[in-house]
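Undergrad: Given the coordinates of chain A, work out where chain B should sit on it, guided by the hints.
Residue numbers (my numbering), protein chains in the order written: chain A, 1 to 311; chain B, 1 to 311.
Quick caveat, the hints were computed from the structure, so don't treat them as lab data.
There's no promise every hint is true.
Any copy, or any two copies together, can satisfy a pair, since identical chains are not distinguished.
Claimed, not checked - Straight-line C-alpha distance at most 20 Å; calculated SDA-like pairs for lysine to any residue:
hint, residue 1, residue 2
1, Lys14, Ser131
2, Lys273, Ser30
3, Lys45, Glu16
2 protein chains.
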Amino acid sequence: MTKLAVFQSEWAPKIEQQLTQDLGEASSDSAFSDMMAYAVLNGGKRLRPMLTLAVVTSFGQKITPSILKVATAVEWVHAYSLVHDDLPAMDNDLLRRGKPSVHALYGEAEAILVGDALLTGAFHVVSSANSCSIKNDRISAEELLLLTQMLSVQAGGSGMVVGQVKDMQNHSQKLKIDAEWLLNDVYTPKTAALLGFSATAGSRLAHLDSEHDISDDEIMRGRLATHLALLTFGIDFGIAFQIQDDLDDFNQDDIENITSLPHLIGIQAARAKRDEYLTNARKILTDLAAHNLNFDRTLLDDFLNLIGDEI
Amino acid sequence: MTKLAVFQSEWAPKIEQQLTQDLGEASSDSAFSDMMAYAVLNGGKRLRPMLTLAVVTSFGQKITPSILKVATAVEWVHAYSLVHDDLPAMDNDLLRRGKPSVHALYGEAEAILVGDALLTGAFHVVSSANSCSIKNDRISAEELLLLTQMLSVQAGGSGMVVGQVKDMQNHSQKLKIDAEWLLNDVYTPKTAALLGFSATAGSRLAHLDSEHDISDDEIMRGRLATHLALLTFGIDFGIAFQIQDDLDDFNQDDIENITSLPHLIGIQAARAKRDEYLTNARKILTDLAAHNLNFDRTLLDDFLNLIGDEI
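Okay, chain A solo, but in the shape it has when bound (with noise of 0.2 Å):
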């Protein structure tokens, strides 16, 4: 059993448990209520809270009640966008993990709604993190203020949503495209912001003690490119992860209608560039380990190691 497996193991019930709570309180409307719960409580693997937790772990920093709020609020914006992705307008998809999508079970208005509430309701947790917290965990507004900054970048339209964008004029218009479109222009904003945000919000959370307070220069200078690293780390993960999805996807595709990079470079090219994403990735977690003599670097390693072949 893997470290990651065993954190997983101990992390994804409190996880589970912190979106269902909040979800229990998403709507005045409990029928509504209860078509949010549907959208986010649907068997998820919860990669991006887990990335954000797996990060302060590796920093060997505590998981506070606040924190695990803060690194939940990412998972309702994935949901959010996976809802409006399956909309007939959208990839008109009926399925969403073997059962009905949202639009296909209430209506195409109603999932609008839910994701829209659901995008609302993540700025709601972030902002709110710290009422659930105890004794000194509390989370200083001014981080919880670049967090919401943060999210609000990674997951707008500079972010996840110019990526679906493209996607769709990728699907639609039949443009010519390239590799290096389609990696910069798509996978990293429609997949990797969010899961660089996961990653540099874990660091953000494991470097709280009054870094707003600090004087030091060279303390501060080494902190910003401790998260631009995590940053980093996770949007050439999260690139890797798009990857292999495109090639798990590969014989299922619709050549006529879908482009995806293995479709454009070919099975062992896209394996060459997806392997490339998780050297570099590595390399960072290397670089942390040599300046951060408290960073472990074995759980996000193991993150990596979900991507390859033999899977």
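TA: Just chain B now, with coordinates in the frame of chain A:
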């Protein structure tokens, strides 16, 4: 010319400028930025940010650059809600203010994504409001975090979104509804919640003098009572505004499909109901003037006077 008309002629261009500037940075993709800007820069009255700024001014406080920026966030939320409401699965409107709606012009998928990006962007506007601060104009992180939280509540699954859910049910399911349900379950969340946010945000922004450091319980209770009074004022104004909108639209409605308050209880009774909310709102201003030496009610009275039979 009313005091509000003078105020609007000064601040409408500044609101427009702030929106234009932030929308210019709303996406890394310029074509998508343009779609987002099209959805917002459409000649709207900017009632919601104007209300926030009017409240700040009513308390004798200066409107600083960062206060202006915070005030405009709600307009992003309002604009996204119109884009999504116009979608084929919702109200299926091809026109908005006499021009093609976003989905009519750019396509349905794009309209969903424009709305998503505007909603996400609203939280970026609030959380980055200090980016345009000058000198001592910074708003505390505590305050901005609280405003983020309030916006997510009034816009989300217990606010605006659930109002739209109920309104869709009202349209499609031909429920047996009564006036109380319509006022409380549709008008209040769908229209009044955001206006409630605008007004109470103005109250908070008018009292930025280290509120979080106030140790005097009595002053603190007075502050909270003031913020709550403005929330109620905004909600009363919003409901009256929605009833007026229904009265104005009464003759254009297809009685088969739409059930609005005048359809339910008749024009005279709807006018009486509207005036009830206006009277309540005026009472709040009377109370505020009695308890706050610096409070000048003229601008907010002008807001209430926008609504009525003579206009």
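Undergrad: Hints first: check each against the structure and report whether it holds.
TA: Results of checking the hints against the structure:
Taking the closest pair of Cα atoms, Lys14 and Ser131 come within 20 Å of each other only inside a single copy of the chain (16 Å); across copies the shortest separation is 36 Å, beyond that limit. With identical chains, the CA atoms of Lys273 and Ser30 are never at most 20 Å apart, being 47 Å at best within one copy and 28 Å at best between copies. For the homomeric pair Lys45 and Glu16, the shortest alpha-carbon distance inside one copy (10 Å) is at most 20 Å, but the shortest distance between copies (43 Å) is not.
Against the hints set out earlier in the document, a violation occurs for number 2 only.
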